[in-house]
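**Q** For reference, the chains in residue letters:
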Amino acid sequence: MDDKVSSESNNVWVADAAAVSKLRVAPEKMQYILATDVGSTTTKARFFHKKDGVWRFLQAGESPTTVEAPYEDVTMGVRNAVAEVEELTGHSILTADGSGIMYPYDGNQGVDLYCTTSSAGGGLQMTVSGLMMNVTAMSANKAATGAGAIVMDIIALDDGRRDYQKIQRIRSMRPDMILAAGGTDGGAIDRIMETLELIKSSKPRPRLGEGFSLPLVYAGNSDAKDSVKEYMSDAFALEIVDNLRPSLEVEITEPARRAIHDLFMEHVMSHAPGYNNLMKWTDIDILPTPMGEGLAIQLIASNTGENTIGVGLGGATTNVYSIFDERFVRSVSANLGMSYSICNVLKEAGLDNILRWIPLDVDAKDIEDRLRNKMIRPTTIPQTLLELMIEQAVAREALRLGMEHHKSLATRLKGARGELKMTVFTSFSDDLAETYIDMLKIGVIAGTGGLLSHAPRRAQSLITLTDGFQPEGVTRLFQDSVFMMPHLGVLSTVYPEAAWQVFDKDCLIRLGTVIAPRGVSNSGTSVMSIELEMPNGETVTESVNMGELKRIPLSEEHTAKAIINPRGRFDVGMGEGKIFETEISGGVVGIVLDGRGRPLQLPESTEARNRALLDWWRALDLYPIDFDNPEVTEK
Amino acid sequence: MSEEAEGKVYAYTPGLKVTKSIKIRKDRILPLAGTVLVKEGDRVTFDTIVAQAFIPGEPEILNAAPKLNVLKPRLNEYMLKQVGDKIVEGEIIGQNIYFFGLMKKFLYAPFDGTLETISKYSGRVIVRGAPIPIDVKAYVPGTIVEVISNQGVIIETTASFIQGIFGIGGESFGEIHMITETENEPITEDMITSEHAGMVLVGGSIVTAEAMKKANEVGVVGIVTGGISSKDLTEFLGYEIGVAITGEEAINITVIATESFGEMPMAKHTFDMLKELEGQMASINGSTQIRAGVVRPEIMVPHLEEVEAVLSDENLDAGMTSGTRVRAIRAPYFGKLGKVFSLPKGLQQLETESKARVMEIEFDDGVIAIVPRANVELIVE
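These protein sequence lines map, in sequence, to chains A and B.
Counting in my numbering, the first sequence tops out at residue 636, every number present.
Counting in my numbering, the second sequence tops out at residue 687, every number present.
These aren't lab readings, by the way, just hints derived from the structure by calculation.
No false leads were mixed into what you were given.
Cβ pair distances, simulated, as ranges:
1) D224(A) x V389(B): 22 to 30 Å
2) G161(A) x I551(B): 19 to 27 Å
3) K230(A) x R331(B): 41 to 49 Å
4) D505(A) x Q595(B): 36 to 44 Å
5) D671(B) x E267(A): 54 to 62 Å
For the chain A half of the interface with chain B, some residues (derived, Cβ under 10 Å), not all of them:
6) E195
7) L199
8) K204
9) A225
10) S340
11) C344
12) V346
13) L347
14) T380
15) T381
16) P383
17) T385
Computed from a predicted model, the values in this text were never measured in an experiment.
We put the beta carbon where it would ideally sit given N, CA and C, even for glycine.
Could you build all of it, start to finish, from the sequences and the hints given here?
**A** Structure representation (C-alpha cells):
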C-alpha cells in the first residue's frame, strides 16, 4: 500500500538548529552534560563527560520526585538527585544556594548543558476528538500519542455513545489539553461544529492550574477555522493549526504535534509545581518522558538502519515505539505496567495467560493475591525465584498486549479512497485495520524499564522480549543498561553525536540475535538448519526442529557469517523455504535459534507445556534451578 | 556484619500509621470555588455541611433547526428565547408558524435552566439545567481551625487513627463493632445480621465475598479486616480492579484491609486497639490511590483527650536503625513482624541472583533473615 504519511520528524539525528542557537556553550566545546528525567515517582539524574574525544556516561543519581504535597516543587527532587551525583563524583554542579545549575564548566565545576524530560504528575494527559473514529479521530490519537501524551478518551461522532454520555465523560475528565480534529479540507463544517459544541458545553476543566483556560488545539477542516475561532476562543486557550487530515489519503500530524508541544510548555508545565523554576534551569525545552524515549528509539533505528521496535516497560505504562519504513509511531498503554498497573495486565491478559509461562505447580489464587500485593506495594522487589518468575511472566503478557495495542495504531490510513472496496456489505472501517508492521522485516527490538534492566541474567530479558513480541526472521535484541533513554533522547535534539556515543558505549546492551522462522509445523519436524562461520574460523552447523530452542554463544563484539536454510514453508525473510545468507551479530546471550513456530506454539496440555518451557529455559540457562526437578520452594 | 556508617536508613515503603491518640487536621476542600458555611471555632459533627459549591448543570443538545423546519443559519430568527435567558420546563423556546398559520412547529424547554447556545453552524440549541450543588461534609467531628475563603475548611480533632493498605468505598461513619473474637478468624456470612445495620464491623484475617454481600444488603456501613482475597473482591464488585485508584465504587459499604491481599491476620496491635474502641463512632474511608500522591484508607475514632503528637508525613518517614519494628511486605516472609537486627553495608545477592541493599531482621519467632530493604515497612506504633 502506498499511503502517504507525514515526515514524522524521522531525521531526528539532525540537531534542531533553533534550539542549538540558544545554547550557552557550542556543542563541540562542551565537556560535561547533565540530564534528568523527572518521573512520576523517581527523579533520575545522569551525568555525561567527554573524555579523549568520546562522550561517556559518568554517574547516576536518583531521588524521589517532589511534585506532590507537601513539597510541590519538582526542583527539590532534581536538586537531591543531582546532589547524589555531586557526592559520588566530587564534581560540583548546583549553585551554592541551590537555586540552579552552574554554567558553564569552568575547568573545575559546573556543566555546559542541562536538559530534562518529565512525566511527573502522570505526564501529559489529553482528550482527542474527530468526526469518524477510524479516520480523523484515529489520526488525532496518533498525533497526541506521538507528542508524548497519554490519551484519556477519544470522542467521535460514531464512537457508539449518546451525546449526554459523551458530555458526562468529558465533564468527569481533567485533561491537560484537548486536540480536536475532524473533516477533510473543503468538506462541510456543521458536523465539526457539533463536536466542538459538545466539548464546549461540557465545560471541561484543566487538571492543573484551576481557573486557567484549558488549552485546545484545533487541527480539523481548514474551512472551519474562522467559525472555530469565533465559537471556542472565549472558553479555551485556542491554537489553530493545519488540518491533520487534509484529505482521506493524507495524514500530516506534525503541525498538531508541534502545537501540543508548545502548549505543553506554555500552559501545562508552567502550572505544574516548580516547573517555572525548572524551565529557567534548562537551556532547552522540557520534553515529556515518552517523547524523549521515542527520540532515543529513533536514534537506534537511524544508526542501525533497521526497522526497529522499542519498548519502555514501566511500572505504570508500557510505551511501544516503531520505526517501520521510516514511519514513526508511538503507542502508550497507559494502564499496562509492572507495579502500579500490574493488576491491569492480570485483568486484560487473564490469569491463565500469565500462569502459562510458569512451568511449576503453583496456586492460582495465591498468584493473584501476590500480584495485588505488588500493586499496593509497588516499590517491593522479588526476593525469591518464584517471585521473579511471576514478574517475568507478567512482563511477557504486558509486552504482548502492548504490541497488540501498538499494531492497532500502526495501520495504513483508514478511509483512503484508493483502499476502499466499498460494497453494500463492507463498512468504512472493515479489513483496513491490519497493521503495516511486518515482524519479519523488523531488524531490531530494544527494551528499557526496571524489569529488563534489573533482570539478574540477561537471557531473562532476551526471552521476555522474545516471548512478548515474537520476532520473526533475524532480529537483534538490545536493552538499556541503566535507565537513560529519555535523557539521551532529549540530548539528541541538540547534540545527537554525544547522545549516540553514550548510547553505543554505555547504554545499549547487545543481548544477541534471535533467528525465528515464520510458520508452524508438527512437533519434531525440521524447521531450519544453519551454518555459521565463527570468528575463530570454525564452522558450526546446527539444525532445529519444531518446538526446540537452542543457543550458540557469540560475544557482543563478534559477528558470524550465516547460511540459514528454512525448511518447507518456513520463512526467515527471503520467502518460504528460501535460504538466507547474512551476517549475524553476537551479544551477551549469543545467537538464539527459535524453532517454536511463529506464531509461537505453546503446547496445550499443562504437562507438555511445562516440559517444553523447562527445555527452553535449560537451553538458555535461564534460572539457577534444576531444570529436571524444578521445585522452587519459598523458605 | 558492619553497620551503615550513618546508623540510620530510610524505609523505601513508608509504614502505615496505627496510633491510639493523635491530633489530626483534616482538609475539607471543595473541588471548585464555592461558599464556606461555617466559621473558625465552630464545632462540627460527622454530617455537618461545611462548604458548598455549584457545578454547571447538565447540558442538553436540541436538534432545533430540523425540529422547527428552518435553515441552520436562520435558526436564531425563530427562537423566542435568546442566549442567557432563563427557561422553564415545557415552555416554548422557539417556534415556526408558516403556510398562513396552518403549519406550526415548536421547540420546548426540556427542563428548568438557561439557554446557552444557538448555533448557526449546526442548527442546534444547547440548554443547561439548573446548577448542581456539591456539599462537603465535615466527615470528622471537631473544631474548625481555619477557613480557606471560597474553598473549604480545616478541621482539627483528636482521634485514634489507623491506616489500612487497601480499601473500596468512600467516606462513611458508624459505630465500631467487633465481629470476631480474635485477629485470626475470618468474617463469614453467617456472622452478619440485620442488627449490624449502620455499624463498622471489625474482624480478623479475611472477609468472604458472601459476607460482603450480606453486609451490603443489611446496611452495614463498613468492614475492617486484615486481608481480602482478590477473587472475593472481584466477585463482590462484579468486576476486576485494574489499577489501585478506589473510593468511587457504586456500593453502600466501605471495606478496608489493614494488612494485604490474601488471608492475613490483622496486626494484633491494631486489632486490640479497635477492640478497646468498640461502641464508639468511627469515620472511615476506603479511598486508595497508590500512584502520584499516595492515599491510603483510614479509620478515625475521634475523642476528647488532649494529645501532643500531631499526624504528619514526617512521622511515617522516620529512619530505621537496629531495633526498629518492621514488617516484611513480600514473600518469602510476607506479613511477618520483627525488628531490625542489622543494616549491612553495600549490596548483597538475593536468591534471584539480583543484588540489592538488604537488612537483617529478627522476626518475632526468633528467626533471623536477610530481607531487601525495599521489601520492608516501618511499623509506627
